[in-house]
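Chemist: For the protein sequence lines, the chains are A and B, in the order given.
So the first sequence is residues 4 to 116, counted in my numbering.
So the second sequence is residues 11 to 118, counted in my numbering.
In case anyone wonders, no lab produced these hints; they're calculated from the structure.
Among the clues, some could well be false.
Straight line, CA to CA, 25 Å or less: simulated DSS-like cross-link-like pairs of lysine-lysine [claimed, not checked]:
| no. | chain 1 | residue 1 | chain 2 | residue 2 |
| --- | --- | --- | --- | --- |
| 1 | A | 73 | B | 66 |
| 2 | B | 105 | A | 60 |
| 3 | B | 77 | B | 117 |
| 4 | A | 74 | A | 12 |
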Amino acid sequence: NAGVTQTPKFRVLKTGQSMTLLCAQDMNHEYMYWYRQDPGMGLRLIHYSVGEGTTAKGEVPDGYNVSRLKKQNFLLGLESAAPSQTSVYFCASSHQTSGGEQFFGPGTRLTVL
Amino acid sequence: GEDVEQSLFLSVREGDSSVINCTYTDSSSTYLYWYKQEPGAGLQLLTYIFSNMDMKQDQRLTVLLNKKDKHLSLRIADTQTGDSAIYFCAAQGGKLIFGQGTELSVKP
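With the hints as constraints, model all of the structure from the sequences given.
Modeler: Structural data, given as structure tokens:
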């Protein structure tokens, strides 16, 4: 099993450009999450999904959109990137939302110039 | 909103014990987790404790929970250089809330 994979690993964007981050999991997990990690701030939840075809906002959803067309994939989109979105993005998945371990991908380091 | 707080840095000598502390505000938290993040990698679950427990031991790791004070600690016995990493505390109530992470530096 590959677990949780993320593509790309690194990306540099100019302000105003768009991009999509892809997360894939092969554990048949229902729940998937997108976090951003910034120095001194821990992980903050951007959006999450409790199943195929469903998405919900997390703590910091502004400027991001997500889609979960297939159970194994969770996409994070930036329509018009801003320097404030420079961060490391982590995807995670879990079998259940409460009491279940979240499995994390290796992260995507995004820089917006 | 709910919050989880940790100190940002801890430095210890190899062979000593490390104690990383965490406080949380959500009294409905049922699960409390410790995750480890090595450089350039994602988070991996180290251990967790259910809120009706006050201690859990797993080899070199001991988790203590004071539910009254909403205080959680992770003790690593005989700390090794390979334990150098960022350690995140997380509390699961209605949501899973992460602390800022404690960077543990182990000096030989």
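Chemist: Hints first: check each against the structure and report whether it holds.
Modeler: These are the hints, each one checked on the structure:
This hinted pair does not check out: residue 73 (chain A) and residue 66 (chain B) have alpha carbons roughly 38 Å apart, beyond 25 Å. With a C-alpha separation of about 12 Å, the suggested pairing of residue 105 (chain B) with residue 60 (chain A) holds against the 25 Å cut-off. With a C-alpha separation of about 33 Å, the suggested pairing of residue 77 (chain B) with residue 117 (chain B) is violated against the 25 Å cut-off. Restraint check for residue 74 (chain A) and residue 12 (chain A): satisfied, since their Cα atoms lie roughly 22 Å apart, inside the 25 Å limit.
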